[in-house]
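There are 2 protein chains.
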Amino acid sequence: MKNLVNIYITLFITCVYANNTKNFMTLKDSIKHKNLIQFVNPFIGTKNMGHTFPGATTPFGMVQLSPETNQQPMFIDGKYNPDTYKYCAGYQYDDSTIFGFSHTHFSGTGHSDLGDFLIMPTTGKLNLEPGNANIPQSGYHSQFLHKNEFAEPGFYKVELDDYNILAELTASDRVGFHQYTFPKSEDSHIILDLISNIYNYEDKNVWTFVRVENDSLITGYRQTNGWARTKKVFFAMQFSKPFKSYGHKKYDNVQYNGFYRRFNEEENFPEMAGKNIRAYFNFDTVENEQIKIKFALSNTSAAGALKNLDAEIPHWDFNKTKLETQQKWNDELNKIVVETETKAEKETFYTALYHTMLSPIIYEDVDGAYRGLDQNIHQSEGFTNYTIFSLWDTYRALHPLFNIIQPARNNDMVKSMVAHHNQSVHKMLPIWSHYANENWCMVGYHSVTVIADAIAKETTNVDLNQALKACENTANVSYFDGIGDYINLGFVPEDKSSSSVSKTLEYAFDDWCIAQIAKKAKNETVFNTFLNRSKNYKNVYDKGIGYMRPKLSDGTWRKDFDPIDTHGQGFIEGNALNYGLYVPHEIDNMIAMMGGKDKFSNHLDYIFNTEIEDKYIEKNEDITRDGIIGNYVHGNEPGHHIPYLYNWTNHPYKTQERVRMIMNTMYSNGEDGLCGNDDAGQMSAWYVFSALGFYPVTPASNDYAIGSPMIKNAQINLENGKTIFINTVNQSSKNVFVKKIEVNGKSINNYLLNYNAIKNGGTITFYMASTPK
Amino acid sequence: MKNLVNIYITLFITCVYANNTKNFMTLKDSIKHKNLIQFVNPFIGTKNMGHTFPGATTPFGMVQLSPETNQQPMFIDGKYNPDTYKYCAGYQYDDSTIFGFSHTHFSGTGHSDLGDFLIMPTTGKLNLEPGNANIPQSGYHSQFLHKNEFAEPGFYKVELDDYNILAELTASDRVGFHQYTFPKSEDSHIILDLISNIYNYEDKNVWTFVRVENDSLITGYRQTNGWARTKKVFFAMQFSKPFKSYGHKKYDNVQYNGFYRRFNEEENFPEMAGKNIRAYFNFDTVENEQIKIKFALSNTSAAGALKNLDAEIPHWDFNKTKLETQQKWNDELNKIVVETETKAEKETFYTALYHTMLSPIIYEDVDGAYRGLDQNIHQSEGFTNYTIFSLWDTYRALHPLFNIIQPARNNDMVKSMVAHHNQSVHKMLPIWSHYANENWCMVGYHSVTVIADAIAKETTNVDLNQALKACENTANVSYFDGIGDYINLGFVPEDKSSSSVSKTLEYAFDDWCIAQIAKKAKNETVFNTFLNRSKNYKNVYDKGIGYMRPKLSDGTWRKDFDPIDTHGQGFIEGNALNYGLYVPHEIDNMIAMMGGKDKFSNHLDYIFNTEIEDKYIEKNEDITRDGIIGNYVHGNEPGHHIPYLYNWTNHPYKTQERVRMIMNTMYSNGEDGLCGNDDAGQMSAWYVFSALGFYPVTPASNDYAIGSPMIKNAQINLENGKTIFINTVNQSSKNVFVKKIEVNGKSINNYLLNYNAIKNGGTITFYMASTPK
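Top line first, the protein sequences correspond to chains B and L. Count along the first sequence from 1, add 2, and you get the number used in this note's numbering. Count along the second sequence from 1, add 2, and you get the number used in this note's numbering.
Isolated chain B, as found in the complex (with noise of 0.2 Å):
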């Protein structure tokens, strides 16, 4: 199959090079590019919490298309059910049901929504029911088996065994593209579950509406009430035959239907409105006859949905589409080309690249039009608009690695951040937003530390002042998380706000970030105002013990303390052993308040080296023994510039053996590849910087910390067309120690690496030992 792939895209090559001028430099350009998508396994981290997906995609694309393995309410008899969590992203590896393929999805999330329009072949006897994963032919679920089964980017297929059908998906970026292999019946079915959601309870669904167009096209949308409070997706649904009758079933307690009692409108009747339906379509299949649906989504409309459709797939070659999207997935793969000691490791990275560009996405139909925050059309000017912003997560490690892989999405990004601020009543920009709607998950707000980072890195052209106006309005909304105590008291108080630490650590970095804004924009007075704010994380030292600590609003330590316990402790996926090493912008005066570098030192000992108490595993669902080292818990976030920190102490060379311990433990080339959540990407561009042997841990700044790189040499080729070469010198899996660094031919001694010395490409030698220096 791979080598199919190869000849697939030399054949895509030659016949877009003769019908596709606008895209010919790119193509072009592509024709030196090297198979990458071969290394990438989309079955990474389906596997126990990693929460990615193993369906097509385009890179950033609206439509993630993907197979449910299982359906579970969220509440059952009112109480949350623990599996809800399992399905994030739809798709467990160690199920053998599907339940059908739906058209969005979150990658790595811990917490989730979407699953839109789920679509199920099938045979025989129509059965409206999904069945019961545990019992075979309970609904209209099917099994499979793996070994029937293949992912590669922008490509999905299993064999459905109860229907002998087999599924093909492929995706454009606004359209999801169906192939099904249907046997010999005249009882075969296409149904589009309207009711299953992806974290679904009663009452989720708000409304659908469904029309069919003609005796191949399906038009409608579905409002469902969930993470997104206010969350629309509009769809056109075009099959490649008329159907040959359609019905639907609706499960709705209908106390009054207006006149609609006039028509039988279950069967063949083309309106179909209500909370929860299913609707099907069926067809007379010969053997081996293949049904193919493009399905288009859209944000604004079912007319967006419909042009989406014509502009991106006007045809009904599966391949075609196919290859158009391994083509762009190739393209942005080569954008770092590595050479690693083994297969497994260039697996690892590739897929772990790959996991970088499944969110953002794009958020906007093909003219632009997108619907906003404040549920108003807009019109994208200069910028194409993007949704899915788990910024908590991604601003530590995704966005910086946007600056140098994609810069121009990232400035769409933050120009989407902004304008999601323009629309939003508390004129704040994302905290996690998703779908025109602020779900106001975790603390901080991080919007700001990305535009800083891209503002440091001169990625983006958005409005100075504009952007500045945006981040100090964001950090000012006093009613928001404590912002207000925050800003009178210089903490967030605990009595008043909980996981307040993490809060107060996370707004004085925010708060540095702003700082550096108005320092670009010569802004005195608001850099002054955030400078004097970044400092607020001395306020909740306790000296005392050397530890971060929830203070109370009367200025008091919160008595009951345990610096262990990650919950209830002031502090959120994370404790004070971890958590309250999070002063990335004072990093030197964190270490100097905490006692010095020694001391530092042995703090970071202690956490890598301490076993974790079982107690404090059990509470919190995303961690498992996988993800942990000692007390380091990689699967949360607040950790990942942990083991960098080193670098700041007299001992660098234990950043360089914990990250090469960390790559190889943490991350793998199987299905259990992640030890926790993805989280939009942040993990994966994690294990990107430090493969590549640095890391931003501050972001806005233009500084990287030197790590141990994984990769034997890396070729990173940048959007402005220069190449940043990394080179390494005796590199093994043994030889984890950096003795020597060169950028640019020079040696460097301070363990970072500025940013200025490869945004124009240069050239980096990591030279490794075995030993430390």
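Hints are computed from structural coordinates only; laboratory data are not their basis. Since we're looking at a predicted model, the values are computed, not measured. Hints should not be assumed to be uniformly reliable.
Repeated chains share a single entry, so a pair holds when one copy, or any two copies, can fit it.
Dumping the calculated EDC-like pairs for lysine to aspartate or glutamate here, alpha-carbon to alpha-carbon at most 20 Å [as the list claims (entries may be wrong)]:
(1) Lys-337 x Asp-369
(2) Lys-186 x Glu-161
(3) Lys-252 x Asp-205
(4) Lys-309 x Glu-131
(5) Lys-545 x Asp-487
(6) Lys-429 x Asp-217
Using the hints provided, position chain L relative to the given structure of chain B.
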């Protein structure tokens, strides 16, 4: 008060003359206008089942801002609450409570919906419960007295006794303007009840989304699932004064609320969303302080509502808007200037004329954007989009009246219907449509009649072939209401589709109308097809019993049959006795078929002279003894042409006698002045025509049937600048018989007035007498 209005109008004209050149021509013209709004009593029809509303609106305005005097649940313990029906328009004159003022209403319909965005001003301890109308102070509702209530076109006011608040309402086309005069209070409130609906029941509210944009501007929308299945109304609500605080209460059973739990959403939090929400805004008020609210609607978006707000009322001058709107009304009312014997007759006449201009309503934003039937946003190109088409009622006389006094608007309505067809997944013209939904109410496809009438009268520039195609498509939707069988068998079989005789008769007439369009379009094939179909009325006439009668699909007559019962006998809102006379396109043939002129005249006598048995009345909520003459039921439209049918017999004088009798007994200037639902203006249009002395028995023909005028004389000011003068000689309440009719000086003897004789103006003179000719 009436005199004051005159002064205002003069003042207003002077003001606008100075400020507004665009409207200058209209206003200059209007200087010579009489003040006719003084003769309109918006309370006519608010008692019993007229289903009119007394609130403020412009002619055909999108906002119809009117008090709700009760809040009835549509179902109590799962059973239909019979009091629901009384509140089709929200207001019942016998009530003594006001629950608030909402922005959308039907006028005169026999089924309901709307009542969007109820606003209630209160003082004292905030109470968000509406309370029980029978228990004073049991909720936010207030007692009121009719002596403290006043209504005229474009203006309504009432004292709210419980709060000592004077409420005044006016409106522009798309904006409701509230003016509340408060007492001194530190506890003044404006409640925005987003749960309240006309025809309300659990789950009617699908979704509500509200943003508090700043301290005085609210935007949002509500989606309901009612008679209009997928109805969205957007709003922008601007206060004249900042509120001091605000909040909302959500009445949903929320199983899952994302991460909003980190806020106190209920107080001063600017985003509200859910199914059932009541919001409130708190103020301090000094004695007699006025708080004004401009409340704009849109059917496209909150942005659209803001656009409408800014365009239509860019100021806070309540009187200015009131006077502008009253000027519009005066302009419209002056289209027919009548003199009558009594002031009461003039009030009855002008209120009827007023009631013909409350629907259809404008249904687009100021920039022409509107929500189509497909739920996409469309742009009206070359027309203004209208909604609320109660066509089974209004094709009879309302649209024919529009062809005389509102040809431009009627042309817009025709084009709105064609746009509806183009957006319809069924490719059908409206049946009974409102707010971007088809509610499928009543029988027939009467858009075709409206279109054919406009084409016959040459008042539309709709594309003839496009219109014809839309009519053909509509008449051939085989799954709609027996059309398939009707086409195949020549009649609708009762065993397949109830009300089969009504359907057959209405379809036959509609088909004749389509044939008339085909004739104009010179499409012989379509003409022949539909002319043939128009003969289908013959197929449901049972010669054996001399009645139209339900036939079964095997061709036999249904055995059980009662020609007087109005339920389950093949008719709807009628019976064989009256609805069985509905062949308006072939009256002579029908009469011949039924035994000739004298037999037919006797049949008409029988209808009017035979007391209906009580058992037939009790079944029908539309009919009261007041609306009945013998077996003639004026409250139901199938009878509307019946008094005029004597013209086709040897006893036209009986038409004259009957129509005067009906005008005198079924209409008055009291609150109970309508004997049944006004039916979106059809009952009133019947009156306007009849009062002028003629009636469109056969819409889409050029003939009107002569009746007996009520007016002394009338001047109809046509939009083309020409005038029709209607004079009477010897008019009196006794002289109901028409001795002679002269049209443009020539006597006519066939009791038919030809449209061509008056379309460019003319003079009709009725010579009246106390005895038949």
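Status of the hints after comparison with the structure:
In this assembly of identical chains, Lys-337 and Asp-369 lie within 20 Å of each other by CA distance neither inside one copy nor across copies; the values are 27 Å within and 47 Å between. Taking the closest pair of Cα atoms, Lys-186 and Glu-161 come within 20 Å of each other only inside a single copy of the chain (16 Å); across copies the shortest separation is 75 Å, beyond that limit. When the C-alpha separation of Lys-252 and Asp-205 is checked against a cutoff of 20 Å, the pair qualifies both within a copy, at 14 Å, and between copies, at 15 Å. For a Cα distance limit of 20 Å, the shortest separation of Lys-309 from Glu-131 qualifies neither inside one copy, at 32 Å, nor across copies, at 46 Å.
Taking the shortest alpha-carbon separations for Lys-545 and Asp-487, neither the intra-copy value of 22 Å nor the inter-copy value of 89 Å comes in at or below 20 Å. For the homomeric pair Lys-429 and Asp-217, the shortest alpha-carbon distance between copies (14 Å) is at most 20 Å, but the shortest distance inside one copy (46 Å) is not.
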